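Asker: The chain contents come next:
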Amino acid sequence: MRHVLRTLSAVIVASVVLAGCKSQPEAVEETSAGSTPVAQPTTPSLPWPGEPVMPPPTDAEDNPLDSTTGLLLDHTFHFDFDQARLSESDLRLLATHAAHLRDLRNRSVIIEGHCDERGTREYNLALGERRAQAVALYLTSAGVHAVQIETVSYGEERPEDPGHDESAWAKNRRAMMIYR
Amino acid sequence: MNELLKTLVVLLACFAALGHVALQALEIVIPEGWDSPTRIAVVPFGGPPLRDRPGPVRPLEIADVVSFDLLRSGQFDSLSSDNMLSHPTEPEEVFFRDWRLLGMDYLVIGRTWQETASAGQVSVVYHLFDVNVEREIKSAQLTAPVSAARDIAHRIADDVYEQVTGIRGAFSAQLLYVLVENVATASASYQLKIADSDGERARTVFRSNEPLLSPSWAPDARRVAYVSFETGRSTIVVQDLDTNARTHVATYPGINGAPTFSPDGNKLAMSLSRDGNPEIYIKNLVSGDLRRVTRRPSAIDTEPAWTPDGGSLIFTSDRGGQPQIYRKDLATSLVDRLTFQGDYNARGRLLPDGRHLIYVHRRNRIYHIAWQDLERDTLRVLTETALDESPSIAPNGMMMIYATQAQGRGILAVVSVDSRVRYMLPSAAGDVREPAWSPFLSTNVQVR
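Protein sequence lines correspond, in order, to chains R and C.
Taking this note's numbering, the leading residue of the first sequence gets 1, the next gets one more, and so forth.
Taking this note's numbering, the leading residue of the second sequence gets 181, the next gets one more, and so forth.
No lab work stands behind these hints, which were simulated from the structure alone.
Please read these numbers as outputs of a predicted model, since none were measured by experiment.
Heads up, some of the hints might be wrong.
Sample of chain R residues with no beta-carbon within 12 angstroms of chain C, all distances over it, derived [as the list claims (entries may be wrong)]:
hint : residue
1    : T58
2    : D62
3    : N63
4    : L72
5    : D74
6    : S153
7    : R158
8    : E160
9    : H164
Examples of chain C residues lying across from chain R (beta carbon under 7 angstroms, computed) [as the list claims (entries may be wrong)]:
hint : residue
10   : D455
11   : A479
12   : T487
13   : P503
14   : R527
15   : H536
16   : V540
17   : N544
By construction, the Cβ of each residue, glycine as well, lies at the ideal position given by its N, Cα and C atoms.
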């Protein structure tokens, strides 16, 4: 019973998380009368929290690895300007991290939220927290225990790229999952 | 049109090798075509060379400091000593005709001497004359330790400014700011610094390898509050400037940010996300009590600042979808929105009159500092550069300092609230940011 409830709530939370995501362009088109719609929605199926995802391979220290490259699984998630919404590809990546953290309950993560330099420092501290919380919310709704997750916002104080242009800003608007 | 701007380049002797000068006032831009500034001559003071700090440095010229202070206000045009016809140091040596010929409105002379009775003390006497009526209008003798000779100079500038304009001078006030070096590298270093209003005598108050932000002064100017990440998370620290004792006053889960002292100095307004989202709180520094002020789940409420009467807080909130500035009356709990133009208005600060508000204002995707008259509801953009932030007002309400960028580096810039004068205070190294102008200070200058 508890499991069902958890799954249910996970789906609800996931709907909230995904509600704001950029939707795929509608591929369904009306053709001439009588013909059946041929194009099906091309939206790739998203790993909803709670949907079984295989835990990733791990290295000797139990860090998750990318199954195709064998390198450490990417743990940086980027955001649009002034937004705290996760992209679909990041949600897919997060599902793998969630599977890893469900598999290894002794592992925990710190999620850092970061912003680009535009806007005021304290407002960015708050925005960075929203980004870290978006990641944390997905993980908990995917069954990761809250005690495995800690969030911290650095606002715009710790840029990845010290530049002052669009490309630097895009790199700096991020959440990072640091395994402990 | 380009004649509208005249650029006065003022080069200060740079003792960067000795590490004394962290901020250099390099450039003053005074737009022309406004009421002619008051013309003043500050004659080099008589007396032995004044060595206010150890090492092979150039002696301090009191007159240079006074003259540079007045020039930066934009309300004065000071005469170079090379263009003076005479260099009087005593009242009986003054011939008013010389100064009228040069078109001067006011004249300052003075001399310095080392006190023989108390070692390490220096005294300065100065005289301020109104050239047109040929009369001395102010004279004083000031005494301080030699190391505080600059305090005497700023104090003279404050006196002259007040005598001539009727407005209290704020040159003795100091600047608190953050200096960051090696940003985005493993050796990043953050320093909280205090410097004179002209950028001189910068000293480090606290240094950390982790971010420091949001510094603000207590009204007594003996304490500062700021956010430090020294523990790996945001923490609000109050530091006593006399003892350097540091107290961690807010270490709650989540964000501990945006501290500002109440006008009575006993309370600290702050933004805490301990309940999930950033809300405004007031911490009583005497009793330790914590009072929650805003209650808007899912909204960002941050950057509180007190009204001068301490009865209300202004703060930034995105409760309407985009950040705007609101005011909450602490007695009635009534909230009103103060900003309506533009989709991003944040980090408001009230002028000492409580009627005018300055804040970060986004217009055409560019961040400016805006100035708003709350009674007439008029808005003026004070700054022309992009990425401007952290405005702070001088205690006399005449000048505003803010952080901006030049050549890809963080610098401080100052603009008068009537936007007639602006100047920059770049750093010799690293990025400088988040300036906070101190309240009026009581320095260790004795007046006789």
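Asker: Against each hint, give a clear statement of whether it holds in the structure.
Answerer: Hints and how they fare:
no. : hint : verdict
1   : T58  : 26 angstroms, holds
2   : D62  : 22 angstroms, holds
3   : N63  : 20 angstroms, holds
4   : L72  : 19 angstroms, holds
5   : D74  : 20 angstroms, holds
6   : S153 : 6 angstroms, violated
7   : R158 : 7 angstroms, violated
8   : E160 : 7 angstroms, violated
9   : H164 : 6 angstroms, violated
10  : D455 : 12 angstroms, violated
11  : A479 : 9 angstroms, violated
12  : T487 : 19 angstroms, violated
13  : P503 : 6 angstroms, holds
14  : R527 : 4 angstroms, holds
15  : H536 : 19 angstroms, violated
16  : V540 : 5 angstroms, holds
17  : N544 : 13 angstroms, violated
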